[in-house]
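Can you build the whole structure from these sequences, using the hints too?
Protein chains in written order, with numbering that gives the first Met the number 0: chain A, 0 to 271; chain B, 0 to 372; chain C, 0 to 289.
In short, the hints are calculated from the structure, not lab data. Misleading hints may appear alongside valid ones.
Short, incomplete list of chain A residues facing chain C, as computed with Cβ under 10 Å [to be verified]:
| no. | residue |
| --- | --- |
| 1 | Val145 |
| 2 | Gly164 |
| 3 | Asn166 |
| 4 | Lys180 |
| 5 | Trp183 |
| 6 | Leu187 |
| 7 | Gly243 |
Since this is a predicted model, take the numbers as computed values, not measurements. Even for Gly, the Cβ is constructed at its ideal location relative to N, Cα and C.
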Amino acid sequence: MSSVKGSRRLERRGVSLKLYGLLIFIYLYLPLMVVIIYSFSPTKTIVGMTGMTGKWYVELVHDKELLKAVLHSFEVGISAVILALIFGTAGAFFITKVRFPGKGVFRALVMLPFVLPGIIMGLTLLIFIKNLNISLSMLTILMGHVSFTTPLVMFQVSARLQRMGPNFQFAAQDLGATPFKTFWYVTLPMIRTALIGAALLAFTVSFDEIVISYFLTGTWTTLPVYLYGMLRFGLSPKVYAVSGLILIFSLSLILFMTKYIGRSAEEFKVKR
Amino acid sequence: MDDATAIELQSLTKRFDEVVAVDNFNVKIQKGEFFSLLGPSGCGKTTTLRVVAGLEGPSDGTVLLENQDVTGIPAYKRNVNTVFQDYALFPHMDVKKNIFFPLKMRKISANEAEPKIERVLRLVNMEGFEKRLPQQLSGGQRQRIALARSLVNEPAALLLDEPLGALDFKLRVAMQKVLKDIQRNVGITFVYVTHDQTEAMTMSDRIAVMKDGRVHQIASPDEIYNDPETAFVASFIGDMNFLSGTIESAGEKNAKAVVSGNTINTRKLKQGIRTGEETLLCIRVERVEVNPPDGKLDNIIACTLKRIVFRGTDYEATCQFDDSEIRAVVSATAWDHRLKEGDAIHIGFKTKDVIVFPKSEEKDVIKYSVEAV
Amino acid sequence: MELKKSRFDPPRSYIRGAPIILWLLFLVVIPLIFTFAMSFYSSEGLMIEKTFTLKNYRVFFTDPVYSRILFKSLRLALGVSLLSIAMAYPLAYMVSFKMVRGRNLLFMMCIIPLWVSYLVRIIAWRSILGNRGVINTILLAIGIIQEPLRIFLYNRFAIAVTLTYICIPFVFIPVYTSLEKIPRNILNAASDLGANEFSTFLNVVLPLSLPGLITGFIFSFIIALGDYIIPLQLGGTQGIMFGNLIWSQFGVAFNWPFGAALGFVLFIISVTILGLTAKFGSTEGGFLSE
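This is the structure in structure tokens:
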């Protein structure tokens with residue numbers, strides 16, 4: 000039945016699929032390449048790139064506003080991650096250890112800030128803030144960031160807790176550990192990699208966040224908001240330089256994260 | 000004050016919503032005893048163990064450890080340790096740290112702990128494994144470390160929840176010996192949960208046979224095998240024939256029942272069974288002889304040899320008379336090889352080998368008694 | 000193995016949920032309530048009249064301008080999602096079934112664009128599609144055209160291309176996850192029973208990957224529907240989508256109550272569609288698992 004002609008047809012299908020896949024890959028990566036290439040363009044406009052220069056990157060270092068925005072992004076990112084770790088982990092323990100009705104709805108509610116279009120979260124928080132007469136500042140941006148980073152942490156940690164199973168905690172208690180000591184010596188070390196992975200992921204998302212932040216920003220801006228502002232003056236190589244840096248930074252974070260997660264997932268392969 | 004009692008359960012009951020997981024469990028487990036909880040899945044044996052460990056609280060009743068009431072005391076304050084079925088060794092700690100953990104919880108310093116850890120590793124034959132991680136150990140090795148970890152604090156009793164369940168057959172048999180030896184050497188009380196009757200029978204001093212939360216019998220393996228108190232116990236342990244018969248007469252030392260027209264002499268009736276009642280008669284398959292010499296046995300039934308199965312060490316013969324069936328198991332060396340399926344034969348058994356149970360207990364009977372349903 | 004346990008823990012153990020419940024209250028529930036309330040107010044110049052009125056909703060449902068925008072956005076979201084599927088599904092299929100070595104690497108490479116800055120990707124497309132962008136530059140250089148074409152940017156085409164670009168990873172991940180879950184011996188069984196690759200795909204792979212496909216579609220749809228930055232940056236005058244319609248209420252138009260109403264409508268639409276994922280899609284959001 001599988002004649003030579005038939006199997007050749009199968010082969011061809013595999014090849015054409017791979018070709019299509021390659022095209023899509025180009026589609027995915029070309030824009031990013033373009034940005035990086037343009038960031039080295041010496042002319043203020045893009046037309047007629049005449050060579051490569053790193054001067055735009057150098058200019059960035061002197062841009063005080065930009066540096067402040069970067070600092071702010073780190074501040075918000077780290078603060079949001081810390082808060083997300085606290086709320087998210089507490090939530091993860093709640094949802095895995097306590098049996099209560101309506102868990103499905105509860106999970107869905109917690110997920111909302113992450114899955115809903117950012118504009119909804121942005122405007123609901125904005126209205127909330129205005130009603131309380133709080134002015135837009137780092138605090139308001141932080142609120143926004145905590146809202147979408149917490150679900151990330153909660154779901155990573157609860158997935159890990161589920162996979163762990165309850166027996167380790169039972170064993171610890173059986174061997175004389177109080178609930179707190181059980182958490183500290185047994186549970187926490189075992190979810191450590193999930194926490195770190197979630198934290199890195201949350202930081203990456205927060206660092207890049209523009210949609211919600213744009214709603215909640217006053218004069219205190221984060222990097223994406225600042226970059227967005229730069230767009231008003233048109234595209235310039237400086238914009239590309241900033242973009243290039245963001246690309247490289249995010250990429251390194253991702254690579255670091257996957258290496259770290261990959262390694263420790265293996266370490267803790269528990270016999271089920 | 001009963002000094003020899005390690006664990007006592009008084010009217011222990013545990014309910015989950017409407018389901019009664021453990022129903023009125025009363026027992027005194029002696030110091031140094033190897034006590035097993037045996038029964039099919041869902042019979043309440045693991046729940047009982049968890050209540051003794053303090054991982055669950057009872058709905059009713061009391062738990063006493065070394066004559067102290069510990070009912071309200073949580074697990075981490077009780078002086079009993081558990082060996083879990085999946086061992087629950089902490090994967091982020093090496094063997095030494097795992098074993099050190101309970102000592103650390105008792106605030107024993109690392110120096111003081113060293114000799115204790117070494118001693119317990121020697122006990123389970125795992126010296127030299129201190130730096131290994133649980134993931135690097137085989138199933139049997141993990142089992143032994145789990146055991147060591149639970150023993151290092153010298154608890155009043157060790158609770159084991161089907162610890163050999165994850166091991167394959169040969170390893171399991173080997174570990175049974177190891178466990179029994181350790182228990183005898185250390186002299187510690189074991190409460191052992193299993194659904195494997197062979198395991199329970201070979202290792203235990205006493206067994207509590209449970210079904211659906213109720214304790215059917217607490218006795219030595221010998222008594223459980225030869226004097227089962229309920230039809231369930233009779234069917235769960237060993238291989239039993241079950242026949243329906245009506246009581247013809249009842250006497251001081253024995254009774255008579257009629258099965259498919261044959262009169263059978265049985266053991267003395269249990270309380271509550273009356274003449275004329277329909278009952279369940281049980282006979283161990285190995286107590287049924289095929290074509291016994293005349294006069295040897297007091298119960299003889301004529302029947303047809305319906306099926307012969309060769310089982311290696313023995314032969315199982317299924318014999319039919321009217322609408323009843325009896326199986327006889329005869330050792331391979333004693334088997335008459337001239338017998339063929341369809342032959343007319345006689346089977347026989349002693350009076351004392353026929354136990355009578357009320358018909359109402361038939362629903363509890365496990366048909367193929369070896370493994371849990 | 001265990002008997003049925005009592006179904007719920009006593010309420011006093013709910014205290015452990017205090018942090019997350021407070022979080023939920025202050026960041027999700029209460030803001031939503033306030034928004035819902037505000038959708039019934041009206042705006043007078045720079046002030047907000049706090050009297051109850053259905054004006055906002057009435058205007059939205061009756062004035063054809065607004066419903067047209069909504070439908071335009073829904074159609075666009077649909078188109079973008081279908082395009083994303085057309086690209087992401089074959090890609091996922093290729094990585095899952097056709098790649099043996101380097102599969103993990105390839106998977107990472109499909110995911111990376113997702114995590115590498117939304118804004119940068121928008122900037123990238125603006126530069127590719129613009130008058131002095133990559134496409135025009137190339138076309139000019141080759142000589143196909145004499146003047147830069149304006150057809151690539153500041154219109155619905157630009158929005159669609161960029162949105163699709165954003166959405167592809169969101170479709171890729173759930174589809175890939177569900178494809179990976181298909182046991183390979185099922186494919187062997189199908190071929191053993193006489194199915195060629197296409198039949199196997201149609202009768203076995205596709206149905207089994209449907210939950211992932213639906214999840215991906217829905218994620219993509221929601222993202223495309225609610226996006227406001229892409230229409231704002233790349234849509235030009237043609238580019239009024241529902242997203243930036245809402246945005247302008249909080250910006251230039253300064254009609255917060257109306258914005259709240261529109262936002263609430265979007266919220267209901269989103270939640271309904273997301274509810275469909277729960278029913279028909281795959282259970283775990285792939286990009287949330289480790």
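Exercise. Against chain C, is A/Lys180 within 10 Å by beta-carbon distance?
Worked result: violated (17 Å)
For this session: Against chain C, run the beta carbon of A/Asn166 and see if the smallest gap drops under 10 Å.
Result: Violated, about 13 Å.
For this session: Classify the hint on A/Trp183 as holds or violated, based on whether any CB of chain C lies nearer than 10 Å to its CB.
Result: violated (16 Å)
Problem set entry | Evaluation of the interface hint that places A/Val145 against chain C, nearest CB under 10 Å | Holds, because the Cβ-Cβ distance from A/Val145 to chain C comes to roughly 7 Å (cut-off 10 Å).
Exercise. Holds or violated: is the Cβ of A/Leu187 closer than 10 Å to a Cβ in chain C?
Worked result: violated (16 Å)
Exercise. Does A/Gly243 meet its interface restraint, that is, does its C-beta lie within less than 10 Å of any C-beta in chain C?
Worked result: Holds: closest Cβ of chain C sits about 8 Å from A/Gly243, inside 10 Å.
Problem set entry | Interface hint compliance - A/Gly164 to chain C, C-beta minimum distance less than 10 Å | violated (13 Å)
Checked against the numbered hints given earlier, the structure breaks hints 2, 3, 4, 5 and 6 and satisfies all the rest.
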